[in-house]
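First to last, the sequence lines map onto chains A and B.
The opening residue of the first sequence carries number 0 in numbering that gives the first Met the number 0; numbering runs sequentially from there.
The opening residue of the second sequence carries number 0 in numbering that gives the first Met the number 0; numbering runs sequentially from there.
Worth double-checking, as some hints may not be accurate.
A pair counts as met if it fits within one copy or between any two copies, since identical chains are not told apart.
Said to hold, decoys possible - Straight-line Cα separation of at most 25 Å, DSS-like style, residue types lysine-lysine; simulated pairs:
| hint | residue 1 | residue 2 |
| --- | --- | --- |
| 1 | Lys21 | Lys1 |
| 2 | Lys234 | Lys257 |
| 3 | Lys257 | Lys21 |
| 4 | Lys220 | Lys250 |
Calculated directly from the structure, the hints in this document are not laboratory data.
If you want the building blocks of each chain, they are given just below.
2 protein chains.
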Amino acid sequence: MKVCIIGMGLIGGSMALALREKGIASAVIGVDANPLHRQQALELGLADEMRELDAAVAEAGLVILAVPVNAVGELLRQILPQVNRQVIMDTGSTKQQVCASANACVNRNRFVATHPMWGTEHSGPAAAVANAFVNKAAVICNKEQSDPDAVALTERIYTALGMHLLYMEAAAHDLHAAYVSHISHITSFALANTVLEKEKEEDAIFELASGGFESTVRLAKSNPAMWVPIFQQNKENVLDVLNEHISQLRKIKSCLEKENFDYLRQLIEHANEIKRILK
Amino acid sequence: MKVCIIGMGLIGGSMALALREKGIASAVIGVDANPLHRQQALELGLADEMRELDAAVAEAGLVILAVPVNAVGELLRQILPQVNRQVIMDTGSTKQQVCASANACVNRNRFVATHPMWGTEHSGPAAAVANAFVNKAAVICNKEQSDPDAVALTERIYTALGMHLLYMEAAAHDLHAAYVSHISHITSFALANTVLEKEKEEDAIFELASGGFESTVRLAKSNPAMWVPIFQQNKENVLDVLNEHISQLRKIKSCLEKENFDYLRQLIEHANEIKRILK
Numbered sequence: 000m001k002v003c004i005i006g007m008g009l010i011g012g013s014m015a016l017a018l019r020e021k022g023i024a025s026a027v028i029g030v031d032a033n034p035l036h037r038q039q040a041l042e043l044g045l046a047d048e049m050r051e052l053d054a055a056v057a058e059a060g061l062v063i064l065a066v067p068v069n070a071v072g073e074l075l076r077q078i079l080p081q082v083n084r085q086v087i088m089d090t091g092s093t094k095q096q097v098c099a100s101a102n103a104c105v106n107r108n109r110f111v112a113t114h115p116m117w118g119t120e121h122s123g124p125a126a127a128v129a130n131a132f133v134n135k136a137a138v139i140c141n142k143e144q145s146d147p148d149a150v151a152l153t154e155r156i157y158t159a160l161g162m163h164l165l166y167m168e169a170a171a172h173d174l175h176a177a178y179v180s181h182i183s184h185i186t187s188f189a190l191a192n193t194v195l196e197k198e199k200e201e202d203a204i205f206e207l208a209s210g211g212f213e214s215t216v217r218l219a220k221s222n223p224a225m226w227v228p229i230f231q232q233n234k235e236n237v238l239d240v241l242n243e244h245i246s247q248l249r250k251i252k253s254c255l256e257k258e259n260f261d262y263l264r265q266l267i268e269h270a271n272e273i274k275r276i277l278k
Numbered sequence: 000m001k002v003c004i005i006g007m008g009l010i011g012g013s014m015a016l017a018l019r020e021k022g023i024a025s026a027v028i029g030v031d032a033n034p035l036h037r038q039q040a041l042e043l044g045l046a047d048e049m050r051e052l053d054a055a056v057a058e059a060g061l062v063i064l065a066v067p068v069n070a071v072g073e074l075l076r077q078i079l080p081q082v083n084r085q086v087i088m089d090t091g092s093t094k095q096q097v098c099a100s101a102n103a104c105v106n107r108n109r110f111v112a113t114h115p116m117w118g119t120e121h122s123g124p125a126a127a128v129a130n131a132f133v134n135k136a137a138v139i140c141n142k143e144q145s146d147p148d149a150v151a152l153t154e155r156i157y158t159a160l161g162m163h164l165l166y167m168e169a170a171a172h173d174l175h176a177a178y179v180s181h182i183s184h185i186t187s188f189a190l191a192n193t194v195l196e197k198e199k200e201e202d203a204i205f206e207l208a209s210g211g212f213e214s215t216v217r218l219a220k221s222n223p224a225m226w227v228p229i230f231q232q233n234k235e236n237v238l239d240v241l242n243e244h245i246s247q248l249r250k251i252k253s254c255l256e257k258e259n260f261d262y263l264r265q266l267i268e269h270a271n272e273i274k275r276i277l278k
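Just chain A, same shape as in the assembly (with noise of 0.2 Å):
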């Protein structure tokens, strides 16, 4: 099957070489806004050929949308139209504000609204990567929503790359990506930025920083073109994990001014609570 994927980057780059590789896409059709990730797209060998949307979408049976989630709904109202055969899948971290986009475009069966929970702090075709997605989740909301055929073909895909599927309502997603994911961008963006306002001699960063410090600030690397649109369409489930996450903070701050190292041992045995969950 041809696929078009639209956004050569992180996560269209990497689904090519994992389609290509698992034997799904016989081509690969790249669309891409940017004059250089198109270039860097066939250097690297991500894509067969770049095209023009139109004649992309026209040649494909699959299309994959991999482009900030502030762009999908636009996407959608291009392309739903020109489509009756074709999958139309996205990949983004929010699904509220997508799939009310698609509900209101013509041919809304064709559509698929996926998650695949992958991603590093690298962004654009070079951060693309082979054997991406092995082991993780891919979630498929509100799949009542789709043609059967469509929804069958995304759980192919995802299998075949090694991922479990989960299926949730797009309201439940975003609230679990919220806390799951969102929250801990949020925390390394701010610790970068804590570090580079109070710490002034960065040398010293760069000699202490221990694996831990490195883990924690990681992902403050992330691209702002991304997670700035997943913020805002997620705006309220994000806010709310943000508050209980300053007042978690503030807890822990009181611990320290009045000495009472009792409930910050407390604190922190809850906190280890999480190896239950996470080994």
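Knowing the structure of chain A, use the given hints to seat chain B on it.
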């Protein structure tokens, strides 16, 4: 040289493995207050024998303290009066109170205050790993208060372990450690508690948690017996950094509340500058 290691946990155990592998320790004499850890240290081959404190110190050429930082002062008061030729070094994550304790002891000059900047979120003898410490920084504090031969021995050890040496005043160490290590642990503990508090459907966390969440929350598995004393001893610096961190989170919160997504993008772009420092 016979090496006495007091505290056969993550750091002491990993140090035992490395010192023997590098041919620096002809034998490791372990000391540990925990009977289970004494047994495990022998079973895992970390120590050749486990002894009582005074007997172990008397027999060793080098004594390494690898205990929670709140236990270092009392150990120095016990050990330093017994030594003359031996070198005593600690490995703790705070240095000001340790140095203050040492300064009040006889034979202060036989003690070297050090901090090998390596660790994991695991603890106990079973957490010890071979080839720890490689390519990390080892900080030696207030070295002018230690005999040159004692400093030279610690330098030889950390260099043999593949570490690069940094020299700092204890006060500067504690400030930098608050930025590059202690705050990361606090954000991680608070993030774990945020998610545990708010997210009742634990299966969803387990299924959805991707690499980003795992890396930011990993440190939340860390041992309170080690970390509460660190926060206690470095309270002022940690509070200072924590206040800045909460203020950075509130800036992001305010952007979301006011839908000021231009400023949010600027904050994220600023956070991205951490790339300059951490490759």
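Point to revise | Hints the structure fails to honour | key: Per hint list: single violation, 3.
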